[in-house]
Amino acid sequence: MSAIIEVKNLRKEFGRAVAVDGISFGIEEGSITALLGPNGAGKTTTIQMLLDIITPTSGEIYLLGKLLRSHREEILAQVNFSSPYVSMPNNLTVWENLATFGRLYGVRNLKKKIYQLAEMFEISDLMKKWTSSLSTGQVTRLNLAKAFLNDPKVLLLDEATASLDPDIADKTRKLLSRMQKERGITILYTSHNMAEIEELCDRVIFLQKGRIVDDARPADMISKYGRKDLNEVFLHIARGDNESLNPNI
Amino acid sequence: MKLHRINALLIRHLYMYRRSLPRIMDIFYWPVMELLVWGFLSAYLTNSNLGGINIVSVLLGALIFWDILSQSQKSVSVAFLEDVWERNLLNIFVTPLRPSEFLISTAILGIIRIALVSLVMGLLAFFFYSFNLFQLGFALLPFFLNLLIFGWAIGVVIIGIIMRYGTQAQILAFGVIFLVQPVSAVFYPVSALPYGLQIVSRLLPSSYVFEGMRTVIAGGEVLSSNLLMAFLTNTAYVVLSLLFFYGMFARAKRRGLLLKLE
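Those sequence lines, one after another, are chains A and B.
Everything in the first sequence is counted per full-length UniProt numbering, starting at 1 for the first residue and increasing by one.
Everything in the second sequence is counted per full-length UniProt numbering, starting at 1 for the first residue and increasing by one.
There could be a bad hint or two in this list.
[Unchecked claim] Ranges between beta-carbon positions, derived for each pair:
(1) A:Ser135 to B:Val200: 33 to 41 Å
(2) A:Arg103 to B:Arg254: 38 to 46 Å
(3) A:Glu96 to B:Leu116: 44 to 52 Å
(4) A:Ser163 to B:Thr235: 49 to 57 Å
(5) B:Ile6 to A:Phe14: 34 to 42 Å
(6) B:Gly247 to A:Glu13: 14 to 22 Å
[Said to hold, decoys possible] Below, computed lysine-lysine pairings styled on PhoX-like, alpha-carbon distance capped at 25 Å:
(7) A:Lys8 to A:Lys174
(8) A:Lys66 to B:Lys253
(9) A:Lys129 to B:Lys253
(10) A:Lys174 to A:Lys112
(11) A:Lys153 to A:Lys111
(12) A:Lys113 to A:Lys129
(13) B:Lys253 to A:Lys8
(14) A:Lys209 to B:Lys260
To be clear, the hints were calculated from the coordinates, so they are not data collected in a lab.
Computed from a predicted model, the values in this text were never measured in an experiment.
Where is the CB? At the ideal position from N, CA and C, for every residue including glycine.
Isolated chain A, as found in the complex:
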């Protein structure tokens, strides 16, 4: 398997503060990887650098085998992103929003594509509604539908299932898992729901204070730290029991 996302010595400083401190990792094509860590660990900054919305202070990012800073347009056409914390225009209908982003990504057979995704994410009956009238969960599903519009090869999901009810969250996880298997999408995932990470992800990269402090399969990480689940591992690492941290990383 080849690395579809490759990050080399990535560093980001905001003034004197170091948000990301020289991290390197590669993510295999067709995998689901979780980027975990406490607030301020550098997860969001890393994702935003991968989306070229923040310029790194130093280091290189390769996506789909190409250098992001010199192939931005080509790469971003094959990448997408979803976060419940980023809105879509409230003064447009659901259909208009999806059509706008579909056009931005140059999606062919856009109408058909929108209806397919609307069915998948159960928002078909919302198409003519104003986005401002949607519930938080409905907006999240709209965001996810937007994220699949361009059939991305790489999908960056920032707490994608936050604010979904357990039923829709479960359906979303199953859908993500199915899409990943069927289409071979590579997903980089952040979430504070550890059970979700255990269920979905092949691998966990744990960040703390801008550095990678561990990188393993969820089950291996649980057994390495001798904990019963990933939630306990998270608390263990986040609270700084440094003796338990992997010295090899």
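Since the structure of chain A is provided, determine the placement of chain B on it from the hints.
Relative to the frame of chain A, chain B by itself:
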């Protein structure tokens, strides 16, 4: 009714005013600008022999042209602000969209708005005041084009300022255009301005357009040298505005400011 709650809100607003130049400007800006514009116009009317000129036509033409400049600027700034207000900038700029494409779309939006504004205002002026906008003939095209370009360049600079200083600077999107109004010779000729401001006026493409409009309404012909100056100064403003925009965009990406705009 509790005085302390009223006081709390009052102080909350004063906190913002104390450290916000755009808000302070908003207090003084409009009265000063209105005083300047109407003061210069009064001086012009008092000191001029308007024998052959239809003053209604001059003022109506000026109003329509002014709205074209103002609509062009707002179409750029407000298009950007719409995405800021909707917290949609991240979604927009993680697509393959280039900043240049974003700017071009705003320019096209400006053309559409200008077409609508000139149509509606032209028709109203014709029916209510018998003012025919098309008496300006083919000169309309370079006039409109220059106002469109100048308004667009100002709008692009405002986007750069908003990216740099955040949404506290958004008031500029609605007010900064009036900074150029007194020196654009909108309602009076450049000669009505004090000497120092005449020099400033000659550096603005809008002043050549408004002077040209008055000349045509008075039955004269537009000097090609004036149109050339309008295009030359506009070229300089477009280059400068783009340099400023790209500089601010790169800075916003370095500092992560695009995500903080709401």
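So, going through the hints one by one against the coordinates:
A hinted range of 33 to 41 Å for the beta carbons of Ser135 (chain A) and Val200 (chain B) is inconsistent with their spacing of about 54 Å. Between Arg103 (chain A) and Arg254 (chain B), the C-beta spacing of about 29 Å breaks the proposed range 38 to 46 Å. Checking the proposed 44 to 52 Å range against Glu96 (chain A) and Leu116 (chain B) shows it is violated: the Cβ atoms sit about 21 Å from each other. For the pair Ser163 (chain A) and Thr235 (chain B), the supplied restraint of 49 to 57 Å holds, since their beta-carbon distance comes to about 50 Å.
Between Ile6 (chain B) and Phe14 (chain A) the beta carbons are some 39 Å apart, a value that agrees with the proposed interval 34 to 42 Å. For the hinted restraint 14 to 22 Å between Gly247 (chain B) and Glu13 (chain A), the CB-CB distance of approximately 20 Å keeps it satisfied. At most 25 Å may separate the alpha-carbon atoms for a hinted pair to count; Lys8 (chain A) and Lys174 (chain A) exceed this at roughly 32 Å. Of the supplied pair hints, the one linking Lys66 (chain A) and Lys253 (chain B) holds, its CA atoms being roughly 20 Å apart against a limit of 25 Å.
Taking the CA atoms of Lys129 (chain A) and Lys253 (chain B), the gap is about 34 Å. The hint is violated against a cut of 25 Å. Distance hint between Lys174 (chain A) and Lys112 (chain A) is fulfilled; the C-alpha atoms sit about 23 Å from each other, no more than 25 Å. Straight-line distance between C-alpha atoms of Lys153 (chain A) and Lys111 (chain A) comes to about 21 Å, which keeps the hinted pair within the 25 Å bound. A threshold of 25 Å between alpha carbons decides the hint, and for Lys113 (chain A) with Lys129 (chain A) the separation of about 18 Å falls inside it, so the pair holds.
Taken as a hint, the Lys253 (chain B) and Lys8 (chain A) pair is honoured in the structure, with Cα atoms around 19 Å apart against an allowance of 25 Å. For the given pair, Lys209 (chain A) sits about 21 Å from Lys260 (chain B) by alpha-carbon distance, which is consistent with the 25 Å threshold.
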